[in-house]
Amino acid sequence: MKSKVQSLKSRVQSPGSKVEPAAEGVNLAVQIGRLTLPNPVMVASGTFGYGVEYAQLLDLNQLGAVVVKGIRLHPVRGNRTPRTVEVTSGLINAIGLQGPGVDGFIKKYWPFLKTLKVPAIINIWGTTVEEYADVARRFDALGGVGALELNVSCPNIKEGGAQFGTDLRLIAQVVAACRKVTKLPLITKMSPNVVSIAPFAKAAADAGSDALSIMNSYPAMAIDIETRRPRLANVTGGLTGPCIKPIAIKLVWEAAQAVKIPIIGMGGIQNAADAIEFMVAGAAAVAVGTANFYEPQTPLQVIAGICDFLKKHGLKDVKEMIGSVTLKK
Amino acid sequence: MKSKVQSLKSRVQSPGSKVEPAAEGVNLAVQIGRLTLPNPVMVASGTFGYGVEYAQLLDLNQLGAVVVKGIRLHPVRGNRTPRTVEVTSGLINAIGLQGPGVDGFIKKYWPFLKTLKVPAIINIWGTTVEEYADVARRFDALGGVGALELNVSCPNIKEGGAQFGTDLRLIAQVVAACRKVTKLPLITKMSPNVVSIAPFAKAAADAGSDALSIMNSYPAMAIDIETRRPRLANVTGGLTGPCIKPIAIKLVWEAAQAVKIPIIGMGGIQNAADAIEFMVAGAAAVAVGTANFYEPQTPLQVIAGICDFLKKHGLKDVKEMIGSVTLKK
Amino acid sequence: MLAVPMLEQTVQIVSNERDTDSYFRLVLRAPQIAPLIQPGQFAHVRVLPLKGALLRRPFSIFQVTGDTFSILYKTVGQGTEALARMGSGEELSAIAPLGHGFTVPRRGGETPLLVAGGYGMAAMYLLAQRSPQKGIVFVGGRRRIDILCEKEFEALGWDVRTTTEDGSHGEKGLVTQPLLKELKRKAPYRKVFACGPTGMLGAVGKIAGEFNVPAELSMDEHMCCGVGVCLTCVIPIKTGDGWEYQRTCTEGPVFDAREVVWETVK
Amino acid sequence: MLAVPMLEQTVQIVSNERDTDSYFRLVLRAPQIAPLIQPGQFAHVRVLPLKGALLRRPFSIFQVTGDTFSILYKTVGQGTEALARMGSGEELSAIAPLGHGFTVPRRGGETPLLVAGGYGMAAMYLLAQRSPQKGIVFVGGRRRIDILCEKEFEALGWDVRTTTEDGSHGEKGLVTQPLLKELKRKAPYRKVFACGPTGMLGAVGKIAGEFNVPAELSMDEHMCCGVGVCLTCVIPIKTGDGWEYQRTCTEGPVFDAREVVWETVK
Ligand SMILES: Cc1cc2nc3c(=O)[nH]c(=O)nc-3n(C[C@H](O)[C@H](O)[C@H](O)COP(=O)(O)OP(=O)(O)OC[C@H]3O[C@@H](n4cnc5c(N)ncnc54)[C@H](O)[C@@H]3O)c2cc1C
Ligand SMILES: Cc1cc2nc3c(=O)[nH]c(=O)nc-3n(C[C@H](O)[C@H](O)[C@H](O)COP(=O)(O)OP(=O)(O)OC[C@H]3O[C@@H](n4cnc5c(N)ncnc54)[C@H](O)[C@@H]3O)c2cc1C
Ligand SMILES: Cc1cc2nc3c(=O)[nH]c(=O)nc-3n(C[C@H](O)[C@H](O)[C@H](O)COP(=O)(O)O)c2cc1C
Ligand SMILES: Cc1cc2nc3c(=O)[nH]c(=O)nc-3n(C[C@H](O)[C@H](O)[C@H](O)COP(=O)(O)O)c2cc1C
Ligand code: FES
Ligand code: FES
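Residue numbers (our numbering), protein chains in the order written: chain R, 847 to 1175; chain G, 847 to 1175; chain S, 5 to 270; chain D, 5 to 270.
Hints listed in this document are in silico derivations from the structure and should not be mistaken for laboratory results. Values in this document were obtained by computation on a predicted structure and should not be read as measured data. A hint or two may mislead.
[As the list claims (entries may be wrong)] Incomplete in silico selection of chain G near chain R, CB under 10 Å:
1. Val933
2. Val975
3. Glu976
4. Leu1016
5. Ser1037
6. Arg1075
7. Pro1092
[Stated by the list, open to error] Okay, derived cross-link-like pairs now, DSS-like style, lysine-lysine, Cα gap no bigger than 27 Å in a straight line:
8. G:Lys1026 - G:Lys960
9. S:Lys55 - D:Lys78
10. R:Lys1174 - G:Lys1004
11. R:Lys954 - S:Lys242
[As the list claims (entries may be wrong)] Ranges between beta-carbon positions, derived for each pair:
12. D:Pro35 - R:Gly871: 55 to 65 Å
13. D:Gly203 - G:Glu976: 39 to 49 Å
14. G:Leu988 - R:Ser1042: 36 to 46 Å
15. G:Gly1054 - R:Leu988: 35 to 45 Å
Just so it is clear, CB atoms sit at the ideal spot from N, CA and C, and this is done for glycine as well.
My request is simple: use the sequences and hints to build the entire structure.
Structure (structure tokens):
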């Protein structure tokens, strides 16, 4: 496996490719375990489909990585509609992880994804520990995958998802089971819905996770007062968008104190300032989620804005910002 | 004690007073334990000082109840500044429960508060279970208090606060200890920062709480990327305002399934539609918090808007809305 | 999968004028988008002055003239109300053209029967205009003011049959009544195209099915991304062995009426 | 505790015009508020077009004329920028007058020495105008464009001493330099009144203390409610046995320099 990741890295960094890790004199490359990202700006799972849908609107090879919608072993139909509802400065969704399953994904989407110059990260889930491991094994065998993101935090499914991410024993089991079957970098996608994220971050790291992504959506609800019915068919859903950013920043900061592995920060990023705030709080990379829905250029604007910020502050390497928050006066 | 509460009730409902529980043909009165509120719209602790500060801007006797800033046995200096920071559709605060202590409060603020025709609810806290009980005992002895709200959920103090509200054993101990020393209605102010609110709601109810208030602020953080320092002196704070409403609605709905005692819903209420959403989700009353800061007329606007809504929908009693959300198609 | 060419552009408002009551016509200068548009496609519009509400709003493309396209919209909530307050010279962001539109009738092919309710009329105009084969347009609405662009359909030389629920204009009743009457004539080679509220589309699909007439329906589902990534806008579509959720924004908005699993549509 | 009368009102913009560079003068029609205003008080203004940012913004009251009052503001962030885009006829919500202002000098009392930095000048004008006892105004800023209403102070018949840090206008240096020079003259019966950045206020307080001259300082703390309920705006104030946090919006913004615990002010 190592050689595959290595080849991916070198492919990413190969000179002459459109994506230069160093953009005009500043080094933007960051490490997520053994995976090098050309820049720290990824897209968040479930907000970018399988990449191909946005290929006409932006150059995917400019991104730090493409993260695909959560995939389970078998196809998943998902929840009834309505599945999303707009709220103040945010969105609540309850998609229910609709997806083509591993085979469907490999057939329909992998041929395109593997042509990308930037890493493709596969977000996976299951309803049992064994299913997570099965899916991980399949993607390990596929070859060329950048990393696996273990979604143990989806609030919108009855079995699986957040049930694993809010239980210290189960989160460790999922990570350990996947670790056993693959050397691909493992990123654990954390649930915000815990009293304290530190023990969960440690549990994931100790079980062999190479990185954490923080945060998934927060359990939420909206009701139509005219009909007195929930606005989502699933009754509750997950809150995302700018409204959750201050919660996500705090969780990233807290987790960064607790573990040494890199953190991918997300939650309401709309512009470079938001992304930099996550990095200063402790994130090694960031992901743009809900903002893609209303402004698909956001990830590229964020990258450009980070470059400008680094230059303005005379910084040569984006890594200098990671965890640079200072608490003393 | 019972007689005192009774006399408060009858005072509130006495005909001829400015506050009529039935506003123009609709009945707005709701029950919080044995306490009758003339209407379901209170103000949230910490966002309305001790009432007197707003007396010039609105008629306090139109409110459902006035809830005062959290009070501990002794005076509290509070955190360093900056103590609040504005974020997208919200506010993060870390006041640190500055206050005059029980004696200071009784001397400075009670003489005014006791002249109000509507109930005054005292928000109390301590750093030990015993201190909560001590404060409760003092206010029991004072006479004329409408209810006590036990703040076991402030995220901005090192000792006390959320430490009690996120531990099933401690929350029960605090409520039971206060229950022992007073017959005043007890409202437990719940922390949102738990994996599931149901067991905490049950623990508070079982220990003798007459009602729950949901929710307190959510732990959050903001960083100034230019200085790379936290925007709050306390580093982290509590998120409030419209951005948290979908989280609060979900918690109210969930707690309403778990317990029979009334729930006071709060979190981002800006208008009558927001308040009604909380009531339909399961709240018997609501509180306006952060909105007071930018629009002090909000509570009165909410009351007027609820009346209009009831009339429009041909409802005679605001209680018909409580928990009226329907999940079936 | 890359079948539909789409662009994201900042577009300028040429005009934004009230049509009837709460309906407005918005003309946008979009030289690169305009030539790509097919009947039944939509634009996903970001109303920049909206702050607390983040999402784009989808609108059928009504007319295409030179380097402009226009939409015909009804004010129903904060997005459309903010839009109605904008004026010429101001800018919007549009992703367009989006979605899988109508099959434009061929000359000598089936006679097109267009059925439109409310703002659904907007989606039908371009189809009527681009169709070499003329036919009948059934337009329906609650009141007189819900009948839009009747004159324009007539100007194209189509036979226009109007109904209003309150009888204030045209025949009194639902738009499906004259359609039913027409289908009962049992003329051969006809095809129905419809756009309007989901209830109306269900009724149209059912009637067309009963007469064994093919029908293309433009479905109105709430959308979020508009480009196929979020899976908000799905409707149940028959597959070999059952059904699956397909995206209104990508596989649709136009679907074959026989493929929709009406029992499962909300 | 109900000492200061305050009102919440919808007020209309009479004019909103650029002064120098990024400074604007906003005149508001507020017939009920205007007569209540004392020098050093402020208005807490809700800029209604701001959506995602909720809070009101505090501004010193600059001038009072008939049924209007005005503020002099600098665009520094989203609130003041949104304000600068507003025009006459548009409305704002204002809670005013707020806070505990300056003690207006009595005729024959101490000679007032006014010290103002940047937009701090706005808070001083009304004091100068209402003071029967004329004195000296020290105005300072970084560049020429940061010197506001110099002419207006002169028109009131005050002695105006100007400094700029870059020397582009008046004396080159900090506003405290001419103040120090003046205090060194050791004239009797003088009192300092100051408004400006916290650093400047600290320096002014220190200098006044050294010369044993009383000083009233208008402190600039971030605010939230503006009316004393949220406890955002506190500064450390000496008490008998130590210090306590007092509210800039209520006990202040004007405090006696000797009462402020400077070591603890952030
Ligand atoms: C493919 C398609 C074509 C459409 N074409 C037209 C048209 O030509 N003219 C026209 O007036 N309207 C059209 N609509 C409906 C239009 O998108 C909504 O009326 C509009 O989004 C309402 O936004 P709002 O902010 O005013 O309402 P709000 O109720 O405040 O919107 C809240 C949210 O619900 C969504 N929403 C509300 N109503 C609808 C709806 N009927 N369909 C989809 N999303 C909705 C909004 O996009 C927004 O995300 C079309 C919808 C679709 C899906
Ligand atoms: C008593 C008092 C009197 C003032 N008088 C004037 C005046 O006459 N003219 C003038 O131009 N400015 C004055 N200010 C400062 C003015 O309130 C801020 O410049 C303004 O709030 C900035 O808002 P913004 O949205 O543009 O900036 P942003 O930076 O976007 O504001 C973000 C938040 O920080 C707060 N904030 C930012 N800067 C300050 C500041 N310096 N003081 C207090 N809060 C701040 C805002 O109110 C807001 O809540 C005064 C402040 C106080 C406390
Ligand atoms: C519509 C939608 C679908 C999502 N689907 C997934 C998913 O399949 N797997 C996952 O781990 N996270 C999923 N998420 C969570 C996002 O990846 C991200 O963690 C969250 O949206 C916070 O970031 P944001 O505020 O920038 O959107 C989804 C979010 C949204 C809005
Ligand atoms: C500045 C501030 C101070 C607060 N102080 C208290 C407090 O003393 N005791 C308490 O129980 N809650 C306190 N709260 C929480 C509120 O009572 C309320 O639960 C929360 O703000 C959510 O409501 P909102 O979104 O409408 O503000 C405070 C909130 C704010 C914003
Ligand atoms: S609206 Fe997102 S997939 Fe259709
Ligand atoms: S700003 Fe709220 S107490 Fe001063």
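We went through each hint and held it up to the structure:
no., hint, verdict
1, Val933, "holds (5 Å)"
2, Val975, "violated (19 Å)"
3, Glu976, "violated (24 Å)"
4, Leu1016, "violated (12 Å)"
5, Ser1037, "holds (9 Å)"
6, Arg1075, "holds (6 Å)"
7, Pro1092, "holds (4 Å)"
8, G:Lys1026 - G:Lys960, "holds (24 Å)"
9, S:Lys55 - D:Lys78, "holds (24 Å)"
10, R:Lys1174 - G:Lys1004, "holds (18 Å)"
11, R:Lys954 - S:Lys242, "holds (19 Å)"
12, D:Pro35 - R:Gly871: 55 to 65 Å, "holds (60 Å)"
13, D:Gly203 - G:Glu976: 39 to 49 Å, "holds (45 Å)"
14, G:Leu988 - R:Ser1042: 36 to 46 Å, "holds (37 Å)"
15, G:Gly1054 - R:Leu988: 35 to 45 Å, "violated (58 Å)"
Of the numbered hints stated above, those contradicted by the structure are hints 2, 3, 4 and 15, listed in ascending order.
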